[in-house]
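A.B. asks: From first to last, the protein sequence lines stand for chains A and B. Numbers 1 to 112, taken from the working numbering, label the letters of the first sequence in order. Numbers 1 to 113, taken from the working numbering, label the letters of the second sequence in order.
Note that these hints are calculated values from the structure, not bench results. Keep in mind that a hint or two might mislead.
Claimed, not checked - Listed next, with one range per pair, are the computed distances between beta-carbon atoms:
1. A:Ser-52 <-> B:Gly-16: 46 to 54 Å
2. B:Pro-83 <-> A:Asn-55: 21 to 29 Å
3. A:Ala-17 <-> B:Gly-63: 39 to 47 Å
4. A:Ser-53 <-> B:Lys-14: 51 to 59 Å
To be verified - Calculated pairs, EDC-like style, for lysine to aspartate or glutamate (alpha carbon to alpha carbon, straight line, at most 16 Å):
5. B:Lys-44 <-> A:Glu-3
6. A:Lys-42 <-> B:Glu-72
7. A:Lys-109 <-> A:Asp-57
8. A:Lys-109 <-> A:Glu-15
Stated by the list, open to error - Pulled a few chain B residues facing chain A out of the computed Cβ check, cut under 7 Å:
9. Pro-39
10. Leu-43
11. Pro-83
12. Gln-85
13. Phe-90
14. Phe-104
15. Gly-107
Yeah, the Cβ is synthetic: ideal placement off N, Cα and C, and Gly gets one too.
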Amino acid sequence: RKEVEQDPGPFNVPEGATVAFNCTYSNSASQSFFWYRQDCRKEPKLLMSVYSSGNEDGRFTAQLNRASQYISLLIRDSKLSDSATYLCVVNRVTGGGNKLTFGTGTQLKVEL
Amino acid sequence: NAGVTQTPKFRILKIGQSMTLQCTQDMNHNYMYWYRQDPGMGLKLIYYSVGAGITDKGEVPNGYNVSRSTTEDFPLRLELAAPSQTSVYFCASSYSQETYGYTFGSGTRLTVV
Chain A
1 RKEVEQDPGP FNVPEGATVA FNCTYSNSAS QSFFWYRQDC RKEPKLLMSV YSSGNEDGRF
61 TAQLNRASQY ISLLIRDSKL SDSATYLCVV NRVTGGGNKL TFGTGTQLKV EL
Chain B
1 NAGVTQTPKF RILKIGQSMT LQCTQDMNHN YMYWYRQDPG MGLKLIYYSV GAGITDKGEV
61 PNGYNVSRST TEDFPLRLEL AAPSQTSVYF CASSYSQETY GYTFGSGTRL TVV
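Just chain A, with the same shape it has in the complex (with noise of 0.2 Å):
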């Protein structure tokens, strides 16, 4: 089983509706989650963390739910500047230190 699973899509969906990320960890003793978002033949570049709490940041809010070891990723009224890779990340500490693993992506297309 790997690390970090994702659904790789693609997701097309139209401008203005809601869609929602899935992402499941395998490993109990991870630590931090992020989302990363990834731009076709461009870096990966940090859309937001993910707290237990929950969090917002404008139209993207982040779950976690660490008993289901499950992490979302919603966003609302997309727009077309949002079609992108959507890529999971998971930090735990290790003997040698943080390890980083990264989800190998969900595929977002939005249209007209």
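For this one, chain A is given, so just place chain B on it according to the hints.
C.D. replies: Chain B in isolation, oriented as in the chain A frame:
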């Protein structure tokens, strides 16, 4: 404020050649990383550094070497390039390993033929 700068952006190597991918950051971050990203795969950690003079292997270090003589620079060396090293390489840096996100460079697209 440049962030993380990688050079070159593109490179084609012949099998057996060697090259150095350059990475420099101006944010005074202690932590620096090299990742490779293959199509349909997540980013894989090659090497990382927790400070000047300290480097360590990641998941996929074979065929690569690094050095960290200064806080700013973290070059990645490929010796005897192989087709399996065709990939996109990203350098990243961070203030803290735990709670802060990483800042990535714009990447180097390497093809080995």
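A.B. asks: Work down the list of hints and note, for each, if the structure agrees.
C.D. replies: Cross-check of the supplied hints:
{"no.": "1", "hint": "A:Ser-52 <-> B:Gly-16: 46 to 54 Å", "result": "51 Å, holds"}
{"no.": "2", "hint": "B:Pro-83 <-> A:Asn-55: 21 to 29 Å", "result": "43 Å, violated"}
{"no.": "3", "hint": "A:Ala-17 <-> B:Gly-63: 39 to 47 Å", "result": "44 Å, holds"}
{"no.": "4", "hint": "A:Ser-53 <-> B:Lys-14: 51 to 59 Å", "result": "54 Å, holds"}
{"no.": "5", "hint": "B:Lys-44 <-> A:Glu-3", "result": "12 Å, holds"}
{"no.": "6", "hint": "A:Lys-42 <-> B:Glu-72", "result": "22 Å, violated"}
{"no.": "7", "hint": "A:Lys-109 <-> A:Asp-57", "result": "20 Å, violated"}
{"no.": "8", "hint": "A:Lys-109 <-> A:Glu-15", "result": "9 Å, holds"}
{"no.": "9", "hint": "Pro-39", "result": "10 Å, violated"}
{"no.": "10", "hint": "Leu-43", "result": "4 Å, holds"}
{"no.": "11", "hint": "Pro-83", "result": "21 Å, violated"}
{"no.": "12", "hint": "Gln-85", "result": "19 Å, violated"}
{"no.": "13", "hint": "Phe-90", "result": "6 Å, holds"}
{"no.": "14", "hint": "Phe-104", "result": "4 Å, holds"}
{"no.": "15", "hint": "Gly-107", "result": "5 Å, holds"}
This entry does not satisfy hints 2, 6, 7, 9, 11 and 12, going by the numbered hints stated previously.
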